Amino acid sequence: MASENKFQLHLPSALGVEKVAMDFAAAVAKTMNFPADRVDDLKTAVAEACINAIEHGNKMDASTKIGISLTVDEGRLQVAVHDEGGGIGQITTPNIESQIEGKTDTRGWGIFLMKSLMDEVTFESTPEGNVVKLIIHLEK
Amino acid sequence: MANDPEISTRQKGDVSVIDIKGDVTATTGQPIEDAYHSVTAAGTKKILMAFAADCYINSGGIAILIGILSASKKKGQAVRMTGLTAHFQKIFAMVGLTKYTQIHPSEDAALKDF
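Just so you know, the sequences run in chain order A and B. The numbering used here applies: residue 27 is where the first sequence begins, and numbers increase by one. The numbering used here applies: residue 4 is where the second sequence begins, and numbers increase by one.
Honestly, I wouldn't trust all of these hints.
Derived PhoX-like pairs: lysine-lysine, alpha-carbon spacing no greater than 25 Å straight-line [unchecked claim]:
#, chain 1, residue 1, chain 2, residue 2
1, A, 129, B, 102
2, B, 48, A, 141
3, A, 45, B, 93
4, B, 15, A, 129
5, B, 115, A, 129
Restraint-style ranges between C-beta atoms, simulated for each label pair [as the list claims (entries may be wrong)]:
#, chain 1, residue 1, chain 2, residue 2, range
6, B, 14, A, 61, 37 to 43 Å
7, A, 32, B, 45, 53 to 59 Å
8, B, 11, A, 102, 42 to 48 Å
9, B, 96, A, 149, 23 to 29 Å
Hints in this document: simulated from the structure, not taken from any laboratory. Values in this document were obtained by computation on a predicted structure and should not be read as measured data. Ideal Cβ positions, reconstructed from N, Cα and C, are used throughout, including at glycine.
Working from the sequences, and respecting the hints, build out all of it.
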């Protein structure tokens with residue numbers, strides 16, 4: 027925990043820990059009176075950001091950690107997911123038709139879901155690693 | 004941390020029902036694929052995937068389901084889904100899965116749709 031409106035959590039880079047981050051973000055969102063469907067949206071987006079950080083940022087390296095920082099502002103919640111990895115590669119939008127036809131890999135929906143479910147999503151690469159910021163507003 | 008899936012299959016007339024409980028993710032998806040291959044090997048052309056209400060489904064799990072829908076399309080199988088929460092129904096529609104399967108509010112409704 028940090029200042030009054032900022033909350034932080036650090037987790038090992040292991041698939042499955044995203045559930046801890048989901049519940050953490052959901053608990054804060056509920057105290058802000060986000061409706062249940064928006065809390066579900068947030069949980070999925072947080073899970074996908076954590077999975078990307080673990081798989082692509084930290085390359086599943088168990089010695090690394092991911093950080094989750096929640097910042098509460100009036101009517102707005104920001105969730106920043108940090109990893110220790112290098113730059114984010116090109117972000118492409120998956121295509122269901124191509125995947126069903128077997129022409130492309132069926133994975134790659136995480137960023138699509140984050141962007142579809144959140145009000146704002148940003149990606150930054152810093153010398154310390156990547157940061158994905160998910161922002162959700164009470165008034166959508 | 005993963006909640007290993009509990010997968011089982013049963014027959015309802017000529018429909019093979021795959022019951023899915025637990026996590027549907029890239030790391031837990033194998034039993035679901037195994038169940039699909041099992042009912043396919045038995046010759047079924049109608050498959051109902053019945054999800055428990057508390058299933059956790061992430062993008063890796065969606066990839067598993069796309070793979071199953073891809074295989075079923077090639078084999079001429081019809082796939083229906085039920086048990087999904089409103090949240091996951093929305094996500095499946097966003098991704099486009101609903102172009103290749105129908106989601107029903109109940110098992111009975113899904114069975115009648117084949």
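Outcome of the hint check:
| no. | hint | verdict |
| --- | --- | --- |
| 1 | A:129 with B:102 | holds (17 Å) |
| 2 | B:48 with A:141 | violated (36 Å) |
| 3 | A:45 with B:93 | holds (20 Å) |
| 4 | B:15 with A:129 | violated (34 Å) |
| 5 | B:115 with A:129 | violated (33 Å) |
| 6 | B:14 with A:61: 37 to 43 Å | holds (40 Å) |
| 7 | A:32 with B:45: 53 to 59 Å | holds (55 Å) |
| 8 | B:11 with A:102: 42 to 48 Å | holds (44 Å) |
| 9 | B:96 with A:149: 23 to 29 Å | holds (25 Å) |
In this structure, the hints that do not hold are numbers 2, 4, 5, in rising order.
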